[in-house]
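**Student:** Residues per chain, in single letters:
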Amino acid sequence: MLTIIVVLAVVLILAVLFTAYRVTALVDVVKKKKNQAYSPVSKNNGLQGVYMVLFLIAGIAGFLYFSISEADVYNLPIASEHGVIVENLFSITMWVTVFVFIATQIFLFGFGWRYRYRKESKAAYYPHNNTLELIWTIIPAIVLAWLIISGLKQWNNITGPAPEDSEVVEVMGYQYAWAFRYPGKDKELGDYDFRMIDAINAVGIDMEDQNGHDDFMATQLVIPKGKPVHLQIRGRDVIHSVYNPHFRIQMNAVPGMPTRFWFIPTVSTAEMREQTGNSEFNYELVCNKICGKGHYSMKGIITVLEQDEYDTWYRESQQNTFLKQNPNYLSKVPEHLKEAAKIVAGIENITEKQKVTTALSSF
Amino acid sequence: MSVTDIQLQEGLTHHNEHHDQNFISKYIFSTDHKTIAKQFLITGIFWALIGGALSLIFRLQLGFPEMNLEWLRPLLGQWITESGKLDAEFYLALVTMHGTIMVFFVLTAGLSGTFSNFLIPLQIGARDMASGFMNMLSYWFFFASSVVMFISLFIETGPAAGGWTVYPPLSALPQAIQGSGLGMTLWLVSMALFIASTLLGGINYITTVINMRTNGMSFSRLPLTIWAFFITAILGLLSFPVLLSAALLLIFDRSFGTSFYLSEIFIAGEALPNIGGSPILYQHLFWFLGHPEVYIVLLPALGITSEIIATNSRKPIFGYKAMIGSMLGIGFLSFIVWAHHMFVTGMNPFLGSVFTILTLVIAVPSAIKAFNYITTLWKGNIVFTPAMLFSIGLVSFFISGGLTGIFLGNSVLDINLHDTYFVVAHFHLVMGSASFFGLLAGVYHWFPKMFGRMMDDRLGKIHFWLSFVGIYLVFFPLHYIGIAGFPRRYYSFTSFETFNIYTDLNALVSVAAILTFAAQFIFLFNFFYSIFRGKLAPTNPWKSNTLEWTTPRNPGHGNWPGTIPSVYRWPYDYSKPGAKDDFIPQTVPYSHTPESNLEYEKEIAGNENITGVEKMDA
Numbered sequence: 000m001l002t003i004i005v006v007l008a009v010v011l012i013l014a015v016l017f018t019a020y021r022v023t024a025l026v027d028v029v030k031k032k033k034n035q036a037y038s039p040v041s042k043n044n045g046l047q048g049v050y051m052v053l054f055l056i057a058g059i060a061g062f063l064y065f066s067i068s069e070a071d072v073y074n075l076p077i078a079s080e081h082g083v084i085v086e087n088l089f090s091i092t093m094w095v096t097v098f099v100f101i102a103t104q105i106f107l108f109g110f111g112w113r114y115r116y117r118k119e120s121k122a123a124y125y126p127h128n129n130t131l132e133l134i135w136t137i138i139p140a141i142v143l144a145w146l147i148i149s150g151l152k153q154w155n156n157i158t159g160p161a162p163e164d165s166e167v168v169e170v171m172g173y174q175y176a177w178a179f180r181y182p183g184k185d186k187e188l189g190d191y192d193f194r195m196i197d198a199i200n201a202v203g204i205d206m207e208d209q210n211g212h213d214d215f216m217a218t219q220l221v222i223p224k225g226k227p228v229h230l231q232i233r234g235r236d237v238i239h240s241v242y243n244p245h246f247r248i249q250m251n252a253v254p255g256m257p258t259r260f261w262f263i264p265t266v267s268t269a270e271m272r273e274q275t276g277n278s279e280f281n282y283e284l285v286c287n288k289i290c291g292k293g294h295y296s297m298k299g300i301i302t303v304l305e306q307d308e309y310d311t312w313y314r315e316s317q318q319n320t321f322l323k324q325n326p327n328y329l330s331k332v333p334e335h336l337k338e339a340a341k342i343v344a345g346i347e348n349i350t351e352k353q354k355v356t357t358a359l360s361s362f
Numbered sequence: 000m001s002v003t004d005i006q007l008q009e010g011l012t013h014h015n016e017h018h019d020q021n022f023i024s025k026y027i028f029s030t031d032h033k034t035i036a037k038q039f040l041i042t043g044i045f046w047a048l049i050g051g052a053l054s055l056i057f058r059l060q061l062g063f064p065e066m067n068l069e070w071l072r073p074l075l076g077q078w079i080t081e082s083g084k085l086d087a088e089f090y091l092a093l094v095t096m097h098g099t100i101m102v103f104f105v106l107t108a109g110l111s112g113t114f115s116n117f118l119i120p121l122q123i124g125a126r127d128m129a130s131g132f133m134n135m136l137s138y139w140f141f142f143a144s145s146v147v148m149f150i151s152l153f154i155e156t157g158p159a160a161g162g163w164t165v166y167p168p169l170s171a172l173p174q175a176i177q178g179s180g181l182g183m184t185l186w187l188v189s190m191a192l193f194i195a196s197t198l199l200g201g202i203n204y205i206t207t208v209i210n211m212r213t214n215g216m217s218f219s220r221l222p223l224t225i226w227a228f229f230i231t232a233i234l235g236l237l238s239f240p241v242l243l244s245a246a247l248l249l250i251f252d253r254s255f256g257t258s259f260y261l262s263e264i265f266i267a268g269e270a271l272p273n274i275g276g277s278p279i280l281y282q283h284l285f286w287f288l289g290h291p292e293v294y295i296v297l298l299p300a301l302g303i304t305s306e307i308i309a310t311n312s313r314k315p316i317f318g319y320k321a322m323i324g325s326m327l328g329i330g331f332l333s334f335i336v337w338a339h340h341m342f343v344t345g346m347n348p349f350l351g352s353v354f355t356i357l358t359l360v361i362a363v364p365s366a367i368k369a370f371n372y373i374t375t376l377w378k379g380n381i382v383f384t385p386a387m388l389f390s391i392g393l394v395s396f397f398i399s400g401g402l403t404g405i406f407l408g409n410s411v412l413d414i415n416l417h418d419t420y421f422v423v424a425h426f427h428l429v430m431g432s433a434s435f436f437g438l439l440a441g442v443y444h445w446f447p448k449m450f451g452r453m454m455d456d457r458l459g460k461i462h463f464w465l466s467f468v469g470i471y472l473v474f475f476p477l478h479y480i481g482i483a484g485f486p487r488r489y490y491s492f493t494s495f496e497t498f499n500i501y502t503d504l505n506a507l508v509s510v511a512a513i514l515t516f517a518a519q520f521i522f523l524f525n526f527f528y529s530i531f532r533g534k535l536a537p538t539n540p541w542k543s544n545t546l547e548w549t550t551p552r553n554p555g556h557g558n559w560p561g562t563i564p565s566v567y568r569w570p571y572d573y574s575k576p577g578a579k580d581d582f583i584p585q586t587v588p589y590s591h592t593p594e595s596n597l598e599y600e601k602e603i604a605g606n607e608n609i610t611g612v613e614k615m616d617a
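First to last, the protein sequences are chains A and B. If you count by numbering that gives the first Met the number 0, then the first sequence holds residues 0 to 362, one letter each, in order. If you count by numbering that gives the first Met the number 0, then the second sequence holds residues 0 to 617, one letter each, in order.
The set of hints was computed from the structure by calculation and includes no laboratory data. Any given hint could be a false lead.
Mimicking DSS-like on lysine-lysine, the simulated pairs with C-alpha atoms at most 25 Å apart in a straight line are [unchecked claim]:
| id | chain 1 | residue 1 | chain 2 | residue 2 |
| --- | --- | --- | --- | --- |
| 1 | A | Lys121 | B | Lys378 |
| 2 | B | Lys84 | A | Lys298 |
| 3 | A | Lys30 | B | Lys84 |
| 4 | B | Lys601 | B | Lys579 |
| 5 | A | Lys121 | B | Lys84 |
Remember, predicted model here, so these are calculated numbers, not experimental data.
With the hints as extra help, turn the sequences into a complete structure.
**Tutor:** The structure is reproduced here in structure tokens:
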């Protein structure tokens, strides 16, 4: 019943509007003198220029007010070394574009108002001016060249080879979570093979490679502050993207084509909790390439520790190698490597110390 | 030339004969460029409504995540979950379809299809397109493509849902997302048909512009609209086949077990046999079309704006040659900037550097265009018709959206901004809204020629102000959301603590989107009402110089009764010092206007070969 009433009301309102429009249109026709020729200049022509100036003033005021008052909200605190550089270039570009933005909009709407139609005035015949055109070709070219050059140097640094002493972590994206693999005691990640993947061996560690026998998995991306971190990134099923706005890092995780990104975190999680006044704060690993239904909740936690805390964490975690957690994978290790594998994976020690910890760290 | 003359004569005699057309050959399978243009326009409007409505549904989800959407169940059925929420996967389908529809069906077919078809013959002085039959096919391929895409909205597994760029492996594997099943197949079929339509149209546009210009209509006297359509058609002809090849390889990967884009994939509990392909290859192929496509969408709008701004400022367009030069420059550069969409895909960083340089270079011709529009307004005598307002709005969007391109084109800044709402804000302003305004400006300006009647001026202005303010309210706040790192294509932001801010801003954007969409109904009413009941249009309502305004109020088949007028001057002689009126149509010889001729024109006036007798409509 209610629906019918609503529909009826809408129809009635539309009918009223239509009739009102029809009446005003007809009145206009009657009012118009017969011989008056059509003119595209309507009575409200000058008003449009006034609206333009009002829009301009309100728009720029709103823009500046919001941009300034909210600056701390939308500019996330920076937590990496190259992030500062990125942010610098961002600010320079912002100043340049905001200046051009405001200036051109003022000219655009200002001219609209200033040169609105007047019966007595006549437009200038001004088809070109080579000097003027040359100026506004060359000046943008110079400004852009400056922005490009200052950007390219940084781009080369950021995407260049990671320093020798980097902490290497493998990050693998899959629908809809992240897997993190650490190289273990030997600091060498073992090979992987996507055909080895199963429910437990989520990243497909290849047991035929000795380097992988001491690799361990973590549920969070734990990294040290102040040291280069080298993420080796891949995707398991579709393309994902490793993204975090605080570190200003982003790199796609592509199946079949390993990618990488390295950076130096400069603010630990604890420090950021203090800085933001949010005791619950965590750096979040965001998936930023559409990957399916759960894309929007594909989250990982990144924890940045002070170097000494990190060393402690790493020492503890490297006990819980993948092989130790899942000893039945020993059967996939080639016969001649089995004994060595048991030692590096720490499997012999299990019975001695009876120490059972989860692969998950204390974090 | 003689061959053309004979054909024209034939066309002429044919025109003068009485020939009845039945309803079908006149309105449905018509070969008349004006009818085909209207077909493209109406279909484009239909798609714009669908595309806009889809965006409202996902804007409701983004602005009011807590809202109960049970009331949409009659429309969406199973896509509303039992708790009255929008299905997360259908959200992605909505985003995908919104993008596909708007980019291809509205702003490519609806814009180029309408105005290239309508204006090329009328503005260059031709009876029709080079091939009317191909032109008709072009529309009907588009129609078939539309039907297939429309059907895909209603299938059980939903339409394609991998984003409008349909990157594999997501789009190749139905295990990854439901929409990559039948929905994706239909998407590919529809796009193949669409590409055929675009190519048929494009070949026609190019041929017509090169071969069928009337006497005196040299390339240096072409209106900028025609230059824009011409360059657009060339871009389409060179880039759409690459999209077809990308789609074809994707079809092979999906259906015939090849591995062009697939490699080392483990999904749904099993390792796939594919080895050696590269998902990034698809992205290269896609963006080799995709970036020129941006300009395929934008250039016609800029051409339309050039014409409208000059006419209504009552001034020649400033820097006619620079405008052509920058369009050619943009056209050329648009083919070598594609990988700026791929800075963070893991491609070689050196390529990133190269594409950064090339991308920022393309900003120069774009800047020239913006400056030239503004200078055209300077010292004008501006008549604010609705078309003029939309053109000025376009320039404003073009500047706002273009400037944020300087951020995104810079590979260093793109690291943090890639795939965030900053990108969404950028392209919706510079390509979406700007082109959309170009489309609307064109409709308001050429409506009198299309339907012989005027649209209502006051409703047009209300429509403009609501749309203009509304669009800025929708897309400007998205910049802040993007700088804060919000990823695009997210169903909800509640999973991340980083993104628990700006729920208010998102709600504002959604409200603005709803109001902007509602304002379009003012246009729809004005449009359809005026087709039947609008005031009768004078032959040249805007006092414009170009050839289409020398045709009768309702140009018949063949456009001009009698001979096609010859052209003696460029199209922008507005407010020429000494002239009686503030405009001199292209058909007026210099020898008829000794009072206003410039020095070098006096010389031309002496050598003019005036064949027919000139009739002035003014």
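**Student:** Which earlier hints can't be squared with this structure?
**Tutor:** Failing hints, ascending: 3, 5.
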